[in-house]
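Peer 1: Those sequence lines, one after another, are chains A and B. Counted from 1, the first sequence has number 27 at position 27 by the working numbering; the numbering is strictly sequential. Counted from 1, the second sequence has number 264 at position 264 by the working numbering; the numbering is strictly sequential.
Check before you lean on any hint, since a few could be wrong.
[Stated by the list, open to error] Computed footprint of chain A on chain B; a stretch qualifies when at least three of its residues, placed anywhere within it, have a C-beta under 8 Å from a C-beta of chain A: (1) 127-137; (2) 251-261; (3) 318-328.
Since the hints were derived computationally from the structure, they do not count as laboratory data. Using N, Cα and C, we set each Cβ at its ideal position, and we do this for glycine too.
Residues per chain, in single letters:
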Amino acid sequence: MASNIIGILFDGLAYGSLLFLVGVGLSITMGLMNFINLAHGAFAMAGGYVSVYLGQKLGMSFLLTLPFAFLGSALLGLVAERLLFQRLYKATHLDQVLFTVGFVFSSIAAAHYFFGASQQMSAMPDFLQGQTRVAGVDLGKYRLLLIAVVAALTIALHLTLSKTRFGAQVRAAVDNQDAAAGLGINVGLIFSLCFALGTGLAGLGGALGIEVLGLDPGFPLKYMVYFLLVVVVGGAGTIRGPLIAAMILGIFDVAGKYYVPEAGAFIIYVLMIVLLLAFPSGLGGKRA
Amino acid sequence: MTIVSGLPHSSRPLASRSGSSRMNHRSVAVDRLASPRPRPFEVVVWLLPAVAYFVFPDNLALGVSIMTYAVAVLALDLVLGYAGIVSLGHAAFFGIGAYSAGLLAANGWREPLTGLLLAGAASVVIGFFASFLVVRGKDLTRLMVTLGIGLVVYELANRLSSITGGMDGLSGFEVSPIFGVFAFDLYGKTAWWYVYGVSLVVFIFLRFVVSSPFGLSLRAIREGVNRMPALGASVNSRLRIAFTISAGVAGIAGGLLAQTTQFVGIDSLSVPRAAEFLVMLVLGGTGRLYGALAGTAIFMIAHDYLADIDPVYWEFWMGLLLMAVVLFARGGIVGALFNLVPSLKARFGRAAQ
């Protein structure tokens, strides 16, 4: 029983790590520009397809494809932001929602056209398959890797934001865009870079998560709610908020599916409504 | 600048955040549908379906579904276009109405008109309770809560498959003749007139609502939510009423779908369906009722043609269309038309003088 609970916690943490990895970029861009981007999942999907494509066509090993998934999605994000999304920063939330929903529909159709409707598999190397015994509990090797990667990235991200000049500029722009611009910070450039970083991380999450989340053209729509949840429940513009929210969601989702499978995704949706109503501005957020 | 015969000059359905207070001011002051008497163009618009009935007798099913969805999109227009609440969960109320009507018929209550009213009533009840959750938050929270409500209702219908039929949908029920006389026929003629009549009644009701003082106060809330309490208006209770009415109308639309197709699929509750409602509304133009009608008609006809070719491409074009409307045609198609009329009038009026 006890090992059961630990197993669920572990799986929940691994799942939460993935949600965080994809959602953190969304948090920063929402906090920075107050831009509601429902299309964030499309960039995660793009990363997943980059990884699958490189693995299948060029025979690259799974781990080697991950940096390319990051770079590919970051590049796509940068282009999309410069060409499309930056026109909508001053628009109403309704316009942003509509535009990004339109983007999601088009990207789903595009993915379907290029890669077909089927579920994609990633070729896991042997050493990531199976389980390893840690302190008397069997833990999946692949999920251990997930947690380790996300932990390392979180620390790196935290250090970047708190210690570097770029991080200080980002924080200044999140806190007060006008004042930051008045101090000579190029807020537009900062935002483009943040957007690229965020979509890159999403792409990495999409590639890393093929085993857990799956990958098919419906991906951006299927997980849209989860990624948004991480941000809205956690509070936009922070790292800590989404981290906590992602872990809560991950653990509750896994535990719900294990203990009450007949309830399905029901638990997570009810949890979301309750959390939203209890914390209208997010668990760690500064603004609604 | 003079106001020509009460036609709207500026018609931006949703105020951009700032810098257009002058425009907002005018669009509130010039009331499009305030007069209870129908304008000539309104009579023409409502005669169009009847013309289509005789000109395209082979496309009655398409006509029925256009008018059915138009009712749902009108419901969305009330909360989005007038009250300013972005709802991604309106398919929930549409679906609740559809399942209510379907389940009533399946369990022996075959009378269509009372069945339709009960379907609307079921959505009103659920919508009333949901409205308390929806109005609590702000922008983004609201969006997420409506989305959450939609997802919860979808999951419920999916899990309660012994009642709803789950993924297979609800089928095998029949509806009695309307007034005991007009049976639903294979060609959809009865269905067509039935839906036409119901949608006209719903439209007249909604037109009355939006031109009433209550409807004006909704628009005032949309344009300046902080000023309304200063006028002594309770913002939240008004938004709740609007949301509840809208849920009921969406439920009636769902009931129409169930009764005319004699089938309720679980996709009628889904989030993509709610997104489609949004697309139709925005395509036509928000906050003017006729935008909802035009958007639905154009969307459904385009869907009918393009989805025949390839359903995957259809999704791509729909997404592209949505992005284009947001970037280039903020007021939708009807908004663009309404903007055209005064400028043409001004040009030709000057020429005549």
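Peer 1: Could you work out which earlier hints the structure fails to respect and list their numbers in ascending sequence?
Peer 2: Those not satisfied come down to hint 2.
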